[in-house]
Amino acid sequence: MSQLMIKNLHVEVEGKEILKGIDLTVADHEIHALMGPNGNGKSTLLAAIMGHPKYTVTQGTIELDGRNVLEMSVDERSRAGLFLAMQYPQEVPGVTNSDFLRAAMNARRENPISLFAFIKEMEKTIQDLQMKPDLAHRFLNEGFSGGEKKRNEIVQMKMLKPSLAMLDEIDSGLDVDALKIVADAVNQMQQETGLGLVVVSHYERFYQLLKPTHAHVLINGRIVMEGDETLVQKIDQDGYDWLYQELDLQPVKEEVKLTFTLGSCAASARGRKHD
Amino acid sequence: MTETVLTLHESPVSSVVLDSQIREIVIDAPAPLTLALSAPKQSCCAVVVRIRQASALTIRVKAEAGSRVTLLYWNESSAPITITEENEVYRDAQFKAAYVQLNPGTVEQSSKTMLKEPGAEALLQSAVIAQTEKRFVIDCIHEAGQTSGIMENYSIVLQGGRYRMEATGKIEKGARQAKSHQTSRALTFDAKQTASILPKLLIDENDVEASHATTIGQMDENQMYYLQSRGLSEDEAIRLVTIGYLLPIVRISEDPDLQKALAQEIETKVNEVCLTSSK
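Quick note, the sequences are listed as chains A and D, same order. Under my numbering, the first sequence is numbered contiguously, ending at residue 278. Under my numbering, the second sequence is numbered contiguously, ending at residue 388.
Don't read these hints as lab results, they were simulated from the structure. Fair warning: there could be bad hints in the mix.
What the hints assert, rightly or not - Lysine to aspartate or glutamate pairs mimicking DMTMM-like chemistry, simulated, CA-CA at most 25 Å apart:
hint: 1; chain 1: D; residue 1: K369; chain 2: A; residue 2: E145
hint: 2; chain 1: A; residue 1: K183; chain 2: A; residue 2: E126
hint: 3; chain 1: A; residue 1: K164; chain 2: D; residue 2: E343
hint: 4; chain 1: D; residue 1: K369; chain 2: A; residue 2: E124
hint: 5; chain 1: A; residue 1: K152; chain 2: D; residue 2: E381
hint: 6; chain 1: D; residue 1: K369; chain 2: A; residue 2: D137
hint: 7; chain 1: A; residue 1: K19; chain 2: D; residue 2: E330
hint: 8; chain 1: A; residue 1: K164; chain 2: D; residue 2: D344
hint: 9; chain 1: A; residue 1: K152; chain 2: D; residue 2: E363
Said to hold, decoys possible - Below, a sample of chain D positions facing chain A; criterion: calculated Cβ distance under 8 Å:
hint: 10; residue: Q151
hint: 11; residue: Y334
hint: 12; residue: L336
hint: 13; residue: Q337
hint: 14; residue: R339
hint: 15; residue: L341
hint: 16; residue: S342
hint: 17; residue: V350
hint: 18; residue: L356
hint: 19; residue: P357
Keep in mind the model is a prediction, meaning the values are calculated, not measured. Note that CB positions come from ideal geometry on N, CA and C, so glycine has one too.
So here's chain D without its partners, still in its complex pose (with noise of 0.2 Å):
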């Protein structure tokens, strides 16, 4: 079986099928671009999209019923970007998508997600290191009964960066047994970075399960003095402790390569960039 690497240049004038066979879809386009990706019924897919090159893209999802679907969006775009996605999420299929945004440039992203019928899951993750201006708003929206919505979502603020996250998760009428939870966490180093997170939580229904917990700070200091007091110098203690806020993103995937892949990625983003910045 042959594995794809579908590069995109321009908006494809057709949906793209999501089968096993594509691995990765890049995205090198320097006009705004349309995708829509759609996964039959009964699929499995897990793909990485790698974002190179785009101003403005707009990314529609339809996950059939029954299917598997893994997203892993990767930006390595330094040029400022808006993302504005759409996912449709049917009976009983699983829906996983994962923003890896540690790229220097500005990102606006809108991303809307929704749970149209029962058994429907959707697994939502971003890690985030902000040098710039990056701001999300994240709805997971609970159309039907017996639904689940998880949002995970970590950030690094360093010097003169500014992020905000506004994650909604929405239970509409009739949604029974809907559940509906969500994780941010911000890791500030100093008092004059910008970090806003909002979660809010709209349920129109009884009978379901919510929550969210948030924290936005900056290193603890105990947990600086324990890991200093075994050798590691203040630098090394913060790197630790800063890979270790982005990291939990790896298991989005169950492929070790791509994990360590993006592992190494995460590493090598803070090496560059946190240390420098904690001073």
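One chain only, chain A, in its complex shape (with noise of 0.2 Å):
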């Protein structure tokens, strides 16, 4: 039995508060969908759990089977069984997939893993992502489209087996038929494994193929309404206008930083949304 508890988490980042107080527990064979529009916080929450750097906890708990994560590093965090499979994956050239997997493979094992059996398994989940067999040579997402990054990221998964995954927009970037690649290989992992999952997409097509048992929505740093798969739908019809107002609410305004620059013919300065 494996559990994510998170209470009462304050997270700021350079400074500025984004999450303002989270509670969340995840149990294994459980799919949480952790929606929201934009700018308001999801992401932050996956990245704290995981350990980035940026990300400072200033008030709250987050709890593995009863450990303190807020102490571990971030790799200690993967091998006690957290897994983030990224928005924007990062790209390591001269890393060789195979030898960074296998690493990582061997770095929560005893033993390290014969090559034999390293490459069978390799094997076999590239082609269950349905991915080009070159996968394992290619340095580590090197030239990858936006769709191959998000499935070597399951890739990943599947050969790290955690206990518990958050997919950050995992979908985003991905073609129908790739999509349902994705849902497949996830949702075959969670039968086999009973991983948990914290689920984040901006779409519900995603949630139709992964079937969540929770959904819980994020505005303004905070979770301010819970429920079940019906709620996805809701959102999925409605939007999150309703929300604001049954909640009295305020919309946020996700922060856009603006570049200026000059026209071609220096005649007018337009702002320019900066990613």
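Two independent chains are provided; combine them into the complex using the hints.
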């Protein structure tokens, strides 16, 4: 029985409070949909659980099976059973997928995995995700398309076998077929291992395929509403406006950094959204 | 066919002809040594030049028309060494040289490759761990048109190490459709280390292709976070990224055994020196 328990979590980024008291408990076999408009703290919550150095926990606790996660380094959190499939997976030139994955698998084993067993497992997983067989020999995420990067996150998840996985917009950038492949792989793993899941997505289609057992809406750093799959459907149909009205909340505008460039004829200055 | 290992303790009297039977030249010389190598027309060879000992080494290579020459210089010496190298590459010859400098000794290397006739190609690569001082001046000179010169330099600069790479691609007047490309990357472990890369392109002809790319910097924090988020300890993540910096050089050889030996050497050296130095 695996359980992630978060209590009254407050998180700051560069001195600004983003999460303002989150309570969330995720047990194995459960699938939690984490919803909310952009810029309200969903990714911050997942990154803080994983231990990204940019995010500072100022109050509250995170425990995994009774162990204090906040005292662990990032790699210890991973070895303890947490996995974050990232929204923007990092490219690491010079390091092949296979060398990296083998090192990551060995990091959580007493005896290193044999080369034969590793290759067999990697080949099978690559096949499950319907990726090209040369994936193992390519440098980690380098030159991958957006969809390949996302699928590669799931390859890693399947091979590292976490007890609790967080998927941060893993479905964005996937076409309909790839979305189904990824959802099937996640479902299969969940059935086999009882993996607990926290899933951030903006699309009901992905949730339809995964069938969440719980749903949470995060607005302005707080979970303002909880429910089950029907809440996911309602938000898909009606958006978030009814929630703002019902709960008397003010929408938080996503912070948009503006860079000004002179127009080509140098006659007008226009603000451009900065990603 | 027997493969030959040629061991040199002093300068050979005449030029050594590179044929397919010579697999390795070992240089183990207490005094300065001069070596002339020649690859006959249409010949093909791949030779490891293993430097055990040499205070000063002068090497001249002549790759005659249509020859294919791969030389892998593997410096094992822990003493200071000065290397002066001159390569002449003739019509349609393909010359590849890799400089593997993972040793603790200081190195001062000056290397000049002349692409003398149309169709001549050169690929010059270096993989360097700088624990002490390592300085390189690498020139690739296009004297004729339709020649190609590629330089790729990868280095790791450790605490107390100093690295300097001056890489020049020179296209002379009349060398139309010459291609000169270079990439240099240096990975440093803290701000106090000294690494300088000076890429130069000297071009005296139109209708050519030329480029250079240079990066110098410390370990990327986002890469470290990503690798650690998969359970790799900080040391293991540093180790993987560091090996990844130097590993591309193994592709100089098509021999899988040599590739494996070289990869092994890079891993061993990185394990020995990088992890303690990164602290």
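Evaluated hints:
Our distance criterion of 25 Å between C-alpha atoms is met by D:K369 and A:E145, whose separation comes to about 23 Å. Taking the CA atoms of A:K183 and A:E126, the gap is about 20 Å. The hint holds against a cut of 25 Å. For the hint pairing A:K164 with D:E343, the CA-to-CA distance comes to about 21 Å; that is within 25 Å, so the pair holds. The hinted pair formed by D:K369 and A:E124 meets the criterion: a straight-line CA distance of about 23 Å does not exceed 25 Å.
The straight-line distance between the Cα atoms of A:K152 and D:E381 is roughly 33 Å, outside the 25 Å bound, and the hint therefore fails. Simply put, D:K369 and A:D137 have alpha-carbon atoms about 19 Å apart, close enough for the 25 Å limit, and the pair holds. The hinted pair formed by A:K19 and D:E330 meets the criterion: a straight-line CA distance of about 21 Å does not exceed 25 Å. Distance check on the hinted pair: A:K164 and D:D344 sit about 23 Å apart at the alpha-carbon level, within 25 Å; holds.
Between A:K152 and D:E363, the direct Cα distance comes to roughly 30 Å. Violation of the 25 Å bound is thereby established for this hinted pair. The closest approach between the C-beta of D:Q151 and any C-beta of chain A is roughly 33 Å, which is over the 8 Å cut-off, so the hint fails. The beta carbon of D:Y334 is positioned within 8 Å of a beta carbon in chain A (closest approach about 6 Å), and the interface hint is therefore held. The beta carbon of D:L336 is positioned within 8 Å of a beta carbon in chain A (closest approach about 7 Å), and the interface hint is therefore held.
About 4 Å separates the beta-carbon of D:Q337 from the nearest beta-carbon of chain A, less than 8 Å, and the hint is met. Checking D:R339 against chain A by beta carbon gives a least distance of about 4 Å; that is within 8 Å, so the hint holds. Annotation: D:L341 was flagged as interfacial toward chain A, and the flag holds, the nearest CB pair being 6 Å apart, inside 8 Å. Below 8 Å, beta-carbon pairs count as interface contacts, and D:S342 has one with chain A at about 5 Å; its hint therefore holds.
Below 8 Å, beta-carbon pairs count as interface contacts, and D:V350 has one with chain A at about 6 Å; its hint therefore holds. A least Cβ separation of about 6 Å between D:L356 and chain A falls short of the 8 Å threshold, and the interface hint therefore holds. At its closest, the beta carbon of D:P357 sits 7 Å from a beta carbon of chain A; the interface hint therefore holds under the 8 Å criterion.
Violated hints, listed in ascending order, are 5, 9 and 10; each of the other numbered hints is respected by the structure.
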